[in-house]
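Chemist: Please arrange chain B on chain A, whose structure you already have, making use of the hints.
Chains A and B, in that order, give the protein sequences.
Here the working numbering is used: the first residue of the first sequence is 1, the next is one more, and so on.
Here the working numbering is used: the first residue of the second sequence is 1, the next is one more, and so on.
Read the hints as simulated data drawn from the structure, not as lab findings.
Check each hint, because a few of them may be wrong.
Note: identical chains are not told apart, hence a pair may lie in one copy or across any two.
What the hints assert, rightly or not - Here are the computed lysine-lysine pairs in the BS3-like style, where the Cα-Cα straight-line distance is at most 30 angstroms:
hint	residue 1	residue 2
1	140	151
2	181	151
3	217	148
4	42	151
5	196	181
6	148	196
None of the values given here were measured: they were computed from a predicted structure.
There are 2 protein chains.
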Amino acid sequence: MRPKAVVLLSGGLDSTTTLAQAIADGCEPTAISFRYGQKHTKELVSAENVCKHYGVAHVVIDLNLSSFRSALTRKDIDVPMDREGKLDEDIPITYVPARNIVFLSIAAGLAESIDADRVYIGANAVDYSGYPDDRPDFFKAYEEMLAKGTKAGVEGHPVKIMTPLLHLSKADIVRLGKELKAPLELTWSCYNGGEKACGHCDSCRLRLEGFRQAGYKDEIPYEDGVVQ
Amino acid sequence: MRPKAVVLLSGGLDSTTTLAQAIADGCEPTAISFRYGQKHTKELVSAENVCKHYGVAHVVIDLNLSSFRSALTRKDIDVPMDREGKLDEDIPITYVPARNIVFLSIAAGLAESIDADRVYIGANAVDYSGYPDDRPDFFKAYEEMLAKGTKAGVEGHPVKIMTPLLHLSKADIVRLGKELKAPLELTWSCYNGGEKACGHCDSCRLRLEGFRQAGYKDEIPYEDGVVQ
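Looking at chain A on its own, in the form it has when it is part of the complex:
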């Protein structure tokens, strides 16, 4: 019997590649996504399409975090565009307080509920945008907390947090996704919710650079004038 896994799936490039990796690892995945007050739901549509592509179960959790302070959930704060300097210099305004912590917690609860022994998350600490809950020592501390605070943990088989992208650059992730035949053309990364990706927000810039360095064309539609 294949081991069960819960996979956090935003519908972006990284989480879709992570789902492909979970399948390549021989797991039976259940994908979990969140409707948490994002400005747009294009990512969720992508997540759904990716799940249909693979024929995997998809749980969408409604969780209204719109009272939290963040550019990604509050309409009165703008998403930063074409920022100067290194992307990972500071913790950016798009940081949602404790977002990965909240998502991992719900995923871990779901894992215990369906007897899955692992949770996959597509975090990476190389090209990451400065979110503290994307760092290796955070995931270690998180696993230790689960070992103490869950039934599975105190029974000696805590849910494991799998971070297959943790030490990959964005270009490595594109290569891995292509190698695993992940449907990257179905994914959405842009922070803005236009019909085409804007090409200028942090997320688009990282993605475009990743495809460029990996030597692949990104097959999602971009606004006119965006150079691949």
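Modeler: Same frame as chain A, now just chain B:
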């Protein structure tokens, strides 16, 4: 200026006493409650009444965990009544996987959002019903995880988890609540959602025993025939 605190408030005896303690500690509290697919919402009404009593802000988060396996959220599993033996012998069927972990995570995110430096939770490890996420070493591991995985944490001022009831018996909690003039008559503990408390579920039994041992009358209505 009073330090800000987020207080997890279910509307029960323990969390209401915890809110009273946060106020006694000199904090400016924001209470947070969850509508997470409980079988009844009497606790939430109690939480609201307690907040009105104190005039404190109250955030209610909708979070549908009904896909999680638990007697508290699934209508096809019965709440155990008049169980034999020690209440803390096993992890009971009323355990919601990772519930405190999920609630603490959202509370910690809210704390960062409003610049609160602490989260109060009314967990206690003495009369507790065997939930692994009510244990002291869990809270320590949880704080360490927050120190690694949040902006406040990496900036050197992680959100603290305050557990003022951790080493108190239920009788101690009743005494503390009375001493702090907490509105215990507004609280609700019964796992069943009747007009009056049933007096027979684990939660009612612990509560009744606590009041009895502390030498106080419990002023909430109980079903006929329940001996205080």
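Chemist: A separate judgement is required for each hint: does it hold in the structure or not?
Modeler: Hints, verified against the model:
1. 140 x 151: So residue 140 and residue 151 pass the 30 angstroms test inside a copy (19 angstroms) and across (17 angstroms) alike.
2. 181 x 151: The answer is neither: 36 angstroms in one copy and 35 angstroms across copies each exceed 30 angstroms.
3. 217 x 148: neither (45 angstroms within a copy, 37 angstroms between copies)
4. 42 x 151: Only across copies: residue 42 and residue 151 sit 27 angstroms apart there, 36 angstroms inside one copy, limit 30 angstroms.
5. 196 x 181: For residue 196 and residue 181, the Cα distance is within 30 angstroms only inside one copy (23 angstroms; across copies 59 angstroms).
6. 148 x 196: neither (45 angstroms within a copy, 36 angstroms between copies)
Comparing the model with each numbered hint stated earlier shows that hints 2, 3 and 6 do not hold.
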